[in-house]
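Q: One-letter residues, chain by chain:
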Amino acid sequence: MTNLLRTLPALALLAATLLAGCSTPQPWVQPYERERLADPIMQFSRDSLAEKHRDHVYTVREGGRGATGVQGGGCGCN
Amino acid sequence: MLRRIGAALGSLGAGLAALLGHGAARAVDLPADTAEAMVHIYDGGGVKAVGPALLIRKNIADTVSLSGTYYVDLVSNASIDVVTTASAYHEMRNELSLSLAYATRDSLITLGGSHSQEPDYVANSFSVDVSQEILSGLSTISLGFTRGQDQVGMHDNPSFSDSASHWQYRVGGSLILSPRWVASANLEAIADDGYLGSPYRLARVFGSFIHENNPRTRSSRAVKFRVIGDVGEAGARSAVHAEYRYFWDNWAIRANTLEAGYTRYLGDAFLVDGFGRYNHQTKALFYSDNAPTETTYFSRNRQLGTFNSMSLGAHLSWNAANVPGKYDVKLHGSWEIVRFDYQDFTDIRTGKPYAFTGHVVQLYMTASF
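Taken in order, these protein sequences are the chains called R and Y. Every position in the first sequence, counted from 1, becomes a number in this note's numbering once 22 is added. Every position in the second sequence, counted from 1, becomes a number in this note's numbering once 1336 is added.
Keep in mind that the hints were calculated from the coordinates and are not lab data. All C-beta atoms in this analysis are idealised placements derived from N, C-alpha and C, irrespective of residue type, glycine included. Mixed in with the good hints, there may be bad ones.
Below, a sample of chain Y positions facing chain R; criterion: calculated Cβ distance under 8 Å [unchecked claim]:
| # | residue |
| --- | --- |
| 1 | His1376 |
| 2 | Arg1441 |
| 3 | Gln1504 |
| 4 | Lys1560 |
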């Protein structure tokens, strides 16, 4: 365990060096190619209240919950 | 203190961006100034929940956005649990949420709080979310945490009082795959501690009804993958989306949820959506329609049983007013039919497996300014 702790900084330095040596990934979609992506139909969630209501309808009736991509959360649902 | 946390989180994001070689100064977009007003309706299985909801989001200065949400549920409950073991009731739930988003370089830091109150249940929560654009805006990664604290009471028993605590941890990422396709993945872990059932709900053991007894802790995980793509051609913009969620917890519930939809403009004024959803879950270890043995924990909460749920819905938006650069107003209507089929929950009035069909309706207005 002590050896592992001693080698961690060296491993971290090695990883940082390797990462620094990597070439920077070039954007595969240029800004001028993103016009279609900016359209509202390309959003996972368009309207906050509608999304919140629908999420609430299912959360109070099903056992599954979470990973909705909605920030915040925490409703009083008994 | 919050400022220090914000600065630290911002530095963390900036450091990550620098590590990935994209530390050039470019500001992330704040959420747009918007107002939403909605009437929501749920009607199914003897439960009607209707109410108004309002949201206002406004940027102040160039880096801060404030938002407030007020949400009301007027519930009339005559569900199968209620009509077979108790009396129908009406109640109102009010929820107020406030949030503050702060943009710094390529990071967006959001602090939020909410307060929900109904006569026998009060829930408070506080959340922190951080998102960071990387790879020249081709990807966004996000981290979030919510801490919730609930007070549980009973209408007709003022001596009953209990509490529940919740911890939610989430991480996510989205990635632009091509000029037409975007994908995302989210993971959320939730831990609960305290009173996790309903003081009114009855379980059935050896044919007799007694109050349910749920474990006082629960730990769950969920992963969700989504993809959305532009499939339109010139002059006919349209998109498809699909998502899948897998859920599992230490109560032995497993759930698979699939959803898909198609969105299309009809001229310049209308936008129409069609969507479907399928969910299947298996029951909790301690769930039983009629327990044949006496165990420490037992519940007949059909939310924890084995069932399928399916839905089909449609959404129509109308671009009612649009002054470019100033404001636009849209009117929306959405209708979703939901079907629940329970495999191990008997309707004791008929002796058959219980099933019901419900309707989810939303009528609302959104305005950007």
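Q: A separate judgement is required for each hint: does it hold in the structure or not?
A: Here's how the hints hold up against the structure:
The restraint placing His1376/Y at the interface with chain R holds, with a minimum CB-CB distance near 4 Å, inside the 8 Å limit. For Arg1441/Y, the shortest C-beta to C-beta distance to chain R is roughly 17 Å, which exceeds 8 Å, and the interface hint is violated. Because the closest C-beta pair between Gln1504/Y and chain R is about 6 Å apart, less than 8 Å, the hint holds. Given the 8 Å rule on beta carbons, the hint for Lys1560/Y holds: about 4 Å separates it from the nearest Cβ of chain R.
Hint check: a violation occurs at hint 2 only; the rest are consistent with the structure.
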